[in-house]
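J.: From first to last, the protein sequence lines are chains A and B. Every position in the first sequence, counted from 1, becomes a number in our numbering once 3 is added. Every position in the second sequence, counted from 1, becomes a number in our numbering once 3 is added.
Calculated from the structure, these hints are not laboratory results. Some clues are possibly wrong.
[Stated by the list, open to error] Within a straight-line C-alpha distance of at most 27 Å, the following computed DSS-like cross-link-like pairs (lysine-lysine) qualify: (1) 238/B x 56/A; (2) 609/B x 567/B; (3) 600/B x 620/B; (4) 567/B x 531/B; (5) 567/B x 620/B; (6) 503/B x 541/B; (7) 143/A x 238/B; (8) 238/B x 358/A; (9) 541/B x 581/B.
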Amino acid sequence: MRQLLPSLMVALAMLAAVQSSAAGPPVLAEPGVVADDYVVGSWELYRHRFLTKDGRVVDDDSGSVSHSEGQGYGMLIAATVGDRDSFDRMLAWTERELFIRADRLAAWRWDPAASPHVLDKNNATDGDLLIAWALQRASKRWDSEEYRQKSVAILDALADTAIVDSPYGKVLLPGAEGFREGEQPDGPVVNLSYWVFPALQELEGLSQKFPAEELVRNGMSLLEMLDGSDGMPTDWTSLAGAPRPARKFPAQFGYNAIRVPLYLAWFRGNTERLLETYRYSWAGNANVPAVFDIAAGAQLHSLSDQGYLTISDLVACKLGSHALADQNRVFAPTTYYPSTLYILSLIAFAERYPKCVVSES
Amino acid sequence: MRSQRIVILSSSVALGVTLANANPVQAPGWTPLITDSVIAGEQLSPATSQSGGLTTVGVPVWAPAVADSAPAGIQAPSFPASGEAQSAPAPSPADDWNRMADAVSTGYVPSFGPSSDNAADVSTVAAAAGGAGAQPQAGDPNGANPFVDQVVSQPAPALSGSTANPFQLQAAPEAQPSPPVSTSTQPFDLGSAETAPAQTPANADAQQGPDLRALRYYASQRNLVRVGAEIRRLKALYPTWQVPDDLFSPVGGVEEQVLWNLYAVGNYGEIRRRIATMQAANPQWRPSSDLLSKLGLGETRGRIIAASNAGSWSQVVSYAATSKDLLVCANMDSLWRVAEALVKTSKLAEAFDLYRYILSTCADPHERLATFQKASLLLPSKGMDALLPFAASVDEQTSFASIRFDQLRGRMGAVASGEEQAEIGEDELTQFARFIDGSKSAADATLFGWYLYRLEYFEDSAAWFKAASQVSKDPKPLEGYILSLRNLDQADKAQEIAFKDRNKSPEIAKIYIEIVAEQLTEEDRDGKTKPLTAEQLKQYEEAVDDIESPLGAQAIGWHYIDAKELATAQEWFDKSVKWEPTEGGVVGQAVVAARYKRMADLQRIKSTYQDEFPALKNFKVWKAYSKANYNKKSSKRTKKVAAKPKKSFLAKLFDS
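All chains, full assembly: derive it from the sequences and hints.
T.: Structure below.
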């Protein structure tokens, strides 16, 4: 040919164009689906497995007990996928069985084998926060003032009973009782995985009393401080001085704190730098999260359930364009906790990064 | 004349020159002579297709009524001034293009527009399909199998007394707007391929409330994402509907849930091991028949995947033959693999039947499209013609009509890129051309252009490229158009367009540099180069400076050497080497030094570059520059008669 160089180049470009212009199916593992479909379908199997007819989410990891956290997660997912029947059943059960305190907070644990079912009336603020978040989403989805007021009441009660001032500004205690200065040898003690950042973000402005925005800010700075020393947070953190592993708890990044990267990735905002810590840590373990002994600086064991692996996918997705792995696209429920985290991760994918799930969204 | 190889200078080419001359400064968007005398659907007056006294065939392209005035199989492509093209000043496609379509050369001149007896039908279809897609001559509208000698495949009534179908739950969701898609729940019967699948009309029985069969089927398969998609669909139809609680029935008890979990992730081997273990512990226990049958199907699916991945096609066919229930819409991947295996084992009739089964039975639009696409890569074209009528909607018809040519596109692409030599049959090209006429696909027209360009039918490739660039802002067809003109020895026009559009793509800028470089450095038989105007030269110098083209700078350098302006020549060679040391640039510097008799400079250039550029070794320091020293490598470009010595270096740069 006369002009070999240009003609070759254009020919190559043209070939590429031919391939992409072919009116074939989009490159989808499952054609015709949107990211939400993964959530909706998985929720159906989830509720079949973990939700009783009367609206109780069963934690089969812990002797089929239930707790406010599980009710909050269940209601949140139901509100998100639009399953109003299930939502109302869970709400009714929660109000009947757990809202037995004088305030609008939920007793944290319910045991079918105990009598009465609730032995400890203390609350867990992650459960309260999740229930408030679920109610807020439900009030929007179904345009319900009643749900909204219930959400506000919980937030107000949290502000009254579980939010205290500290050298790091206002902090969210894990419960109304037992974590303040004086109640712990190194109190106040917080659990940063109870600071559900995407919930705080969406609840901002709902209650006059509840300092959602400040909690986000303070929580993030605490994580930044930990990032400077140990990297990942322990499940329980003492704020008596510089943030450090709380004395009465294992100094571990464990089953609690695994939710921190989930919430950071779900959060609408720049959390990439914090997330790098997790990705870096897991990269040495084939991207599988692990329980990590912060004090010993050693990995204890891998968290290889689907729910944890999907969090790892989610973090990688926010930090780049890593797609949801094939083996994490089919929900294979094992037990309550990782199964729940799995669906939460799917929601985060669907709400924030559908492109990591389907090629067209 | 410089043109030796392209013997026929077509009237269309001559016309192109005429057009360019008549309107030297073209507005972007190709608006030569005609402005608004031609619009889509209007018949072109023959008068407008006469220009410069050249005989052209003015084929009205949008008027089926005059189809018989077209020369057989040869018509110009014409894109109506619509859509994207309208944003540019209205082009005069028909006019221009029809002129291109005179009786030159290939016979593959773009043949847009109705030219055959079914032209009227074509235009009807195109209109119905939103202007796209001339319908290729389709086979039997009943979808008869073209690979069966005796056509017995009349659509059969619903088969009765057939084996119970475990997939009856799986049905075309009622909302599918797909007339030919039946609600057949019959698996594809590999054993009796000559029997057409049942094509019962869509079950129009009024349903009370949502039809949950598909939902329950997907749930039974643990296909959760499909469960989600189906719920989404049902909720859109029935906003107050709630998903039933018993979607995942507790059949099999607690033990079996574990097995279903394994089933969900496809770990069939582990299920078998667990079943064995559980039965050893409790001989009374047995898994549900539901699980066992799905497990069996899953295992067969796995075997089919493994065998087809390994290319063991006859094995694929035999697995499929022993697992009747596998061949249903829910196992689309298996259907595709089996169909491919049938083709690969020369069972074309059966393969066709399987594709037909999918298109007449399965509802998922993406899968249907993919099916047609896969078939298009495997079945001979008569098979594709026979499948076309199974499009379920006008949209799908349009897509099918396009996909049908995928295989041809691939072959044309291979020819165009030089991977393959074989030319393609005229019938196919004619059909494709007719299709493009309807679809107005710039990508297809461009592909046609490159195909013809590779075969050196430059006047025809120019026509296709021009059509493509009328409907697309993509610079690629424009590049093709310029390159075609260049090969038609319309360097002036090519140069003019390339200069005007050089900012549209780096490639065009490069082509521009090359065209002018060639003009500056190539001699004709009498040893003359074709002079640039002062304006052209100035433009060129600016463009070369703009993109810092070493090649362009060299060409300018040689020009100034010829003009005996050594100082200016030196500036340009110095720039060329500064931007990128190349043999041409360095030799240019050497020549200037030699002319100036600056032997020290010459020696320095030689010692710096002669390892890199061996041509310098032959450069005799003590001699004045002489052609003979350089003319050791003749140009690849056979069209050019005599090349200046320096041209051999340029040619090398062009060609390497």
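J.: If any of the earlier hints don't hold here, list their numbers in rising order.
T.: none
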